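With the sequences and hints as input, model every part of the structure.
The primary structure of each chain is shown beneath.
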Amino acid sequence: MEYVIQAEQLVKVYGQGPTRVEALQGVDVSVRPGELFAIMGPSGSGKSTLLHVLGLTTEPTAGCLILDGEDLYRGRPRNFQRLRREKIGFVFQSANLIPFLTASENVLLPMELAARRRAPERVGELLDYLGVADRADKLPEQLSGGEKQRVAIARALANEPKVILADEPTAALDTERGLSVMRLLRQISNEHRTAILVVTHDERMISEADRVIHLSDGRVVDTG
Amino acid sequence: MNLALKDIRYHRFKFFSSVVGVGLLLMVVLTIGGIVRGVIDDSASIITDTDADLWVVEKDTYGPFVENSRIPEDYYHAVEVIPGVAQASPLVFSFEHVARMPRPTPLMRFMYLNTLLTTKTMVKPGWMKMPMDQRFVLIGYKPGRVGGPRAIVAGRGIEADNYEIVADEKAGFSLGERLRLGYHDYTVVGLTRNVVGYTADPVLYTTLKEAQSVVVQSDPDLLRDRRRRDEQQVLPAEKSVTPLLVEPLARRARRFAEDTHVVNAIAVKLEAGASAEVVAREVARWKVLDVYTAPHQVNLQLMGSNRLLLFQMSLFRLLLMLIAGVVIGLVIYLFTLDKVKEIAVLKLLGAQGWRINGMILQEAVLMGALGTLLGGVLEQASEPYFPRRVETTYGDIGQMLAAMSVIALLASLMAVRRAMKVDVRSVLGV
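Protein chains in written order, with the working numbering: chain E, 448 to 671; chain P, 760 to 1189.
Hints in this document: simulated from the structure, not taken from any laboratory. On a predicted model such as this, the values are computed, not experimentally measured, just so you know. Hints may be right or wrong, so weigh each one.
[To be verified] Derived DSSO-like pairs: lysine-lysine, alpha-carbon spacing no greater than 30 angstroms straight-line:
#, chain 1, residue 1, chain 2, residue 2
1, P, K765, E, K585
2, P, K1180, P, K773
3, E, K534, E, K585
4, E, K534, P, K1180
5, E, K609, E, K585
6, E, K585, P, K1028
7, P, K901, E, K609
8, E, K534, P, K773
9, P, K1100, P, K818
10, P, K1180, P, K818
11, E, K534, P, K818
Next comes the structure, spelled out in structure tokens:
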């Protein structure tokens, strides 16, 4: 099956001379549609850098990155802002909902940014799907941690992205809510055929993942 | 979805308290501008209200407002027949006072106490004693000629010599009130608004003859004494030489001593199309007279007596505007800096630059505009409570709005620059 996102021999070097740091040293990552892929590793292992490269916020020093069949660093320059808007969904550690928008407006926002039609109807469907329809008019500060994360997932799904990058989505939640979020991501990947990359420290969360890679010093040291 | 309005709704306390802060600051800036305009208007008040084209005064004086000018009253007949003159009107001006101070308002009392406290270390005992008299500018004019009040806001004007006065509202007198001026009691029959001297003292109008009796006529005891001295010193000598001249000389001496037919200026109204320059040249041929145009008379007060005050206030206004600009710019800039995280999330979600910049710009312009409007409303509402004239026009507020829009734009450009530098990675993988 074709990969939604495929990174080959990713290298990322920061600084020069004595301050030179090789954050990624030839990392390969390939994720299929509907696959839940976990990236694990200690602090400083290169997880964040890999996330930045896959999230199109950092250009790799070397290597190849193909998103939805498009080799992003070959040929004409790409509009990464548009690619992020249309093909990638983000779920953050602390939800990072826009505090001045209600739950439904937070979900509506990416659709407005992408000028999608039928946006309001889809907001209702997504909130309903994630079980927070009754919290639609609440501001983020009025939501619990779990509810915030569900709204954040709804926001990530808004534009039907090819891939969702989830950065420690369970770190701010207790075990029960954390597992619930992981199961939800599992369900989404199955039902929506969305590739989901989850960066996590939490060993208990990887039970839901299809594949796991372990990073250390910028290299993949284990796959499973 | 308008992100700026959503953000304002959420941060309403912060936003509107910033608007109030900006508004209060701009109110002060506008008020200082209003005070400057007030000084200008006060300096021009009598001249513009009199509506004369030329002012004829005593030779080598700047009179009648800033120097003492005395010319015989009947000169106005001669001026009036100069070609191009429509009307010449003799006027008397004098700074006078009555021993009656209108009851101070609570605000005036507060201002006096505040002045006492804040100048405590600057004055010596007795310097700051509250005066118990009302000072004013007395103008005497011939009813029906130029020089009288242009608009009466209450009561009526003066039609003949009847010991009546028309007073400016600022004097605090009410219609029907009686005042002692000179040796007679006068009744207030009309009120004017904003007719004051360059010192901001209110103007009181009465007829020329009655003003002359107040200003020129000497104390009766002094007159009697003078007459007695003339008779004792001059007449005995004349008596022995030409006894027939004694009586005519005595009459002349009495008349001279009592002569009140002196005025301070002659206000000249020109015929339509007449050249002020030509008429002024004609008047100046008289060796005992000087003549000034109306703008020149205003200039003598504005750039003479009030020059330093005006320069100082204008400089202070400029400094205050600069300070307000910097403070307001910083308020807007900091308001944006508080949203750095949200901006990073928006950028990560793929929000277009124009959308983020639009949000910042709209909030900045709205804050500037609302602050200016609030400042304008507060300034307008507080104007009547200032003891001196403070006058800010809608044009001034419009100018301030334009200046604030520029400041808001500049501040938001700085904020946009900062927003564009926000690292989207700051919310991902930390």
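Checked hints:
1. K765/P - K585/E: Holds, because 13 angstroms separates the two Cα atoms, which is no more than 30 angstroms.
2. K1180/P - K773/P: Answer holds: K1180/P to K773/P is near 24 angstroms, not above 30 angstroms.
3. K534/E - K585/E: At roughly 27 angstroms apart (the allowed maximum being 30 angstroms), K585/E and K534/E satisfy the hint.
4. K534/E - K1180/P: Between K534/E and K1180/P the Cα gap is close to 24 angstroms, so the pair holds against 30 angstroms.
5. K609/E - K585/E: 28 angstroms, holds
6. K585/E - K1028/P: With a Cα-Cα distance of about 75 angstroms, the restraint between K585/E and K1028/P is violated, given a limit of 30 angstroms.
7. K901/P - K609/E: Cα-Cα ~94 angstroms, so violated.
8. K534/E - K773/P: 36 angstroms, violated
9. K1100/P - K818/P: 76 angstroms, violated
10. K1180/P - K818/P: This hinted pair is violated, its Cα atoms lying about 72 angstroms apart.
11. K534/E - K818/P: Cα-Cα ~91 angstroms, so violated.
Consistency with the previously given hints fails for numbers 6, 7, 8, 9, 10, 11, ordered from lowest to highest.
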